[in-house]
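Novice: The listed protein sequences correspond, in order, to chains A and B. Note that the working numbering has the first sequence beginning at -16, numbered continuously upward. Note that the working numbering has the second sequence beginning at 1420, numbered continuously upward.
For the record, the hints were derived by calculation from the structure and aren't laboratory data. In this text the structure is predicted, and so the values were computed from the model without any measurement. Mixed in with the good hints, there may be bad ones.
Claimed, not checked - On the chain A side, residues computed to face chain B include the following (Cβ under 7 Å):
1) 2
2) 3
3) 5
4) 6
5) 10
6) 14
7) 31
8) 42
9) 46
10) 115
11) 136
12) 165
13) 235
14) 239
15) 273
Built from N, CA and C at the ideal position, the CB exists for glycine as well.
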Amino acid sequence: MADLNGTSRAMQATRRQPLFTMSADRGWEQRFGMAKQDVVEGFVLWRLSWALGVADIRLRYRGSILGPFWLTLSTAVMIGSMGILYADLFHMDIHTYLPYLGVSLILWNFLGSLVLDAGSCFTGAEGLIKGTRMPFTVHALRSVVRDTIVFAHNVVVIFLLVVLLHVPVSLYSLLAIPGLLLWLIDGFALAFLFGAFCSRFRDVPQIIGSVMQIAFFITPVMWKTNALGSHPGAELLIRLNPFYYLLEVVRGPLLGEDVTIGMVAKALVVSAVLILVSALAFARTRGRLAYWM
Amino acid sequence: MTHLSSFNISVDFPLYHSDNRSLKKSVLGAAGRFGVDRNRRPVVQALRDISFTLRSGDRLGLIGANGSGKTTLLRALSGIYQPSNGTLSIEGRLTSLLDSTLGMNMDLTGRENIRLRGLFLGMSRPDNARLESDVESFAEIGQFIDLPVRNYSSGMVVRLAFAMATAAQPEILLMDEWIMAGDTAFLEKAKQRVEAMVRHADILVLASHSSAIIAQWCNRVIWLEHGRIMADGRPLDVLSEYLPPELFKEVTASIRITPEIGEVGLAEHLQANDG
Chain A
-16 MADLNGTSRA
-6 MQATRRQPLF
4 TMSADRGWEQ
14 RFGMAKQDVV
24 EGFVLWRLSW
34 ALGVADIRLR
44 YRGSILGPFW
54 LTLSTAVMIG
64 SMGILYADLF
74 HMDIHTYLPY
84 LGVSLILWNF
94 LGSLVLDAGS
104 CFTGAEGLIK
114 GTRMPFTVHA
124 LRSVVRDTIV
134 FAHNVVVIFL
144 LVVLLHVPVS
154 LYSLLAIPGL
164 LLWLIDGFAL
174 AFLFGAFCSR
184 FRDVPQIIGS
194 VMQIAFFITP
204 VMWKTNALGS
214 HPGAELLIRL
224 NPFYYLLEVV
234 RGPLLGEDVT
244 IGMVAKALVV
254 SAVLILVSAL
264 AFARTRGRLA
274 YWM
Chain B
1420 MTHLSSFNIS
1430 VDFPLYHSDN
1440 RSLKKSVLGA
1450 AGRFGVDRNR
1460 RPVVQALRDI
1470 SFTLRSGDRL
1480 GLIGANGSGK
1490 TTLLRALSGI
1500 YQPSNGTLSI
1510 EGRLTSLLDS
1520 TLGMNMDLTG
1530 RENIRLRGLF
1540 LGMSRPDNAR
1550 LESDVESFAE
1560 IGQFIDLPVR
1570 NYSSGMVVRL
1580 AFAMATAAQP
1590 EILLMDEWIM
1600 AGDTAFLEKA
1610 KQRVEAMVRH
1620 ADILVLASHS
1630 SAIIAQWCNR
1640 VIWLEHGRIM
1650 ADGRPLDVLS
1660 EYLPPELFKE
1670 VTASIRITPE
1680 IGEVGLAEHL
1690 QANDG
């Protein structure tokens, strides 16, 4: 009948008669077992995460005529006005600067939203977490789904830029897709890491917000790396900036620029470290999350 | 075999958002429910050494004053709180109705919430459609099913939540006392549904302040006080200890009017007391 050895063996056998046991914390083996089980169960429920993410976006724009296409429109307006202003200020050719700025900003908004929304993925689902036993993975996936839907609406603007400004495109641009998949995995890992941290320490979301603001300025989003030619110190700032590598493996292919193997390797290392730290954090905090709500 | 077992479950709530040092001082001096965990952090001892086993057909009522740990126990039994000590073991599909919103999104319509519920239960599209029509007919909230839940009366929310929780035929149902927000007609219907469920050899755990409801719905009662089990036994036995004599008389009188389980239980109880 009961399994007292402390390992949890939920969802065993068939769906009809699941056996579930949960014991007090018994060290890392049990923690990783439960974290793994959470992720597996969460991915089985991927349709729920998808539906929750879609509902979030639909609710945000319920009753408005343009609906989520307000996202597309406001992004287009922002990039258009900023592009014209900054091309003039920086004395750059608008035909090369505007596509660069547009692609960069849209990608940065996606990356930034993955980081920022990661922090609220559990605190925002307090009702669900305290009301029923549900894999925490569902909430992490939901926030990634939500950000991805917003990004998908902004991608339209990239297409507009390509068509209107006659940007040369080739099949090479498709290499951005594996980079974007890497972002999705990173966003999922971040949701566990920041989600847990922000549940325990309620000041962390504000700190993440400030850090992301700084990251926006020190990462080549609005400006190009060659603008730093004469500042060796500033170059170091970029080289130690994980966002730079992640951004470059997606932006490079989209703009038809070369992406070196070294750049890809660094992006992979950044992601690997992130995934490792997140797995540790999630395994450690999973059993406490409900108490922190 | 459907079962729900709690082995020595204890639950501690960490006190993070308070001033640790001054609290520690007062905690160490004070008896009662404050304590420190292994890392010497202050905690509230919400549950202490809770052990019981429920099997098919058991309908457990939880009684106790506010803050005695009823809701916390329901959450621990749902697998929401990992206990700080002890082990929970469940076999069977479990549904918990801990608050009337049932994790519903208040901005979505009733129908949309039912669909999300179906997805949570891992239902296929046709199963989900069946769930939808079953909930719709049981909840009897008419056109409101297509309005955001925000616009419902509290009674309607209860109807929808109860219908959603029971339509998927859980084998173990955990309910908190909010269910009493329904009107009499609905309560009767809900009781019939739960009885039908328990007749199919399933388990119910119900926390309530209404002794009459406990006496009518349950065949076993646990009385919690300060997070510990004070008494565990047949409903009228435990209620007679728990309630002041005059209130207990009122409860038995009310059961006399609506017989079923009450009549038999009461007769047995009176006999036991005579002897």
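Novice: Could you run down the list of hints and mark each one as holding or not?
Specialist: Taking the hints in turn, this is what the structure says about them:
1. Given hint, residue 2 of chain A at the interface with chain B, holds; its Cβ is 5 Å from that chain's nearest Cβ, closer than 7 Å.
2. Checking residue 3 of chain A against chain B by beta carbon gives a least distance of about 4 Å; that is within 7 Å, so the hint holds.
3. For residue 5 of chain A, the suggested interface contact is upheld, since its CB lies about 5 Å from the closest CB of chain B, less than 7 Å.
4. Taking 7 Å as the C-beta cut-off, the interface hint given for residue 6 of chain A holds, the closest approach to chain B being about 4 Å.
5. Hint status for residue 10 of chain A: violated, given a least beta-carbon distance of 13 Å to chain B, over 7 Å.
6. Violation of the interface hint for residue 14 of chain A is found here, the shortest Cβ-Cβ separation to chain B being roughly 10 Å, above the 7 Å cut-off.
7. Given hint, residue 31 of chain A at the interface with chain B, holds; its Cβ is 4 Å from that chain's nearest Cβ, closer than 7 Å.
8. Using the Cβ-Cβ criterion of 7 Å, the hint placing residue 42 of chain A at the interface with chain B is satisfied: the shortest such distance is roughly 5 Å.
9. Contact between residue 46 of chain A and chain B, as hinted, is not supported at the beta carbon level, the nearest pair being about 11 Å apart and thus beyond 7 Å.
10. Interface hint status for residue 115 of chain A: upheld, as the beta-carbon distance to the closest one in chain B is roughly 5 Å, under 7 Å.
11. The interface hint given for residue 136 of chain A is violated, since its Cβ lies 20 Å from the closest Cβ of chain B, which is over the 7 Å cut-off.
12. The closest approach between the C-beta of residue 165 of chain A and any C-beta of chain B is roughly 28 Å, which is over the 7 Å cut-off, so the hint fails.
13. Taking 7 Å as the C-beta cut-off, the interface hint given for residue 235 of chain A is violated, the closest approach to chain B being about 38 Å.
14. Hint status for residue 239 of chain A relative to chain B: violated, with the closest Cβ pair at about 41 Å, above 7 Å.
15. Interface hint status for residue 273 of chain A: upheld, as the beta-carbon distance to the closest one in chain B is roughly 5 Å, under 7 Å.
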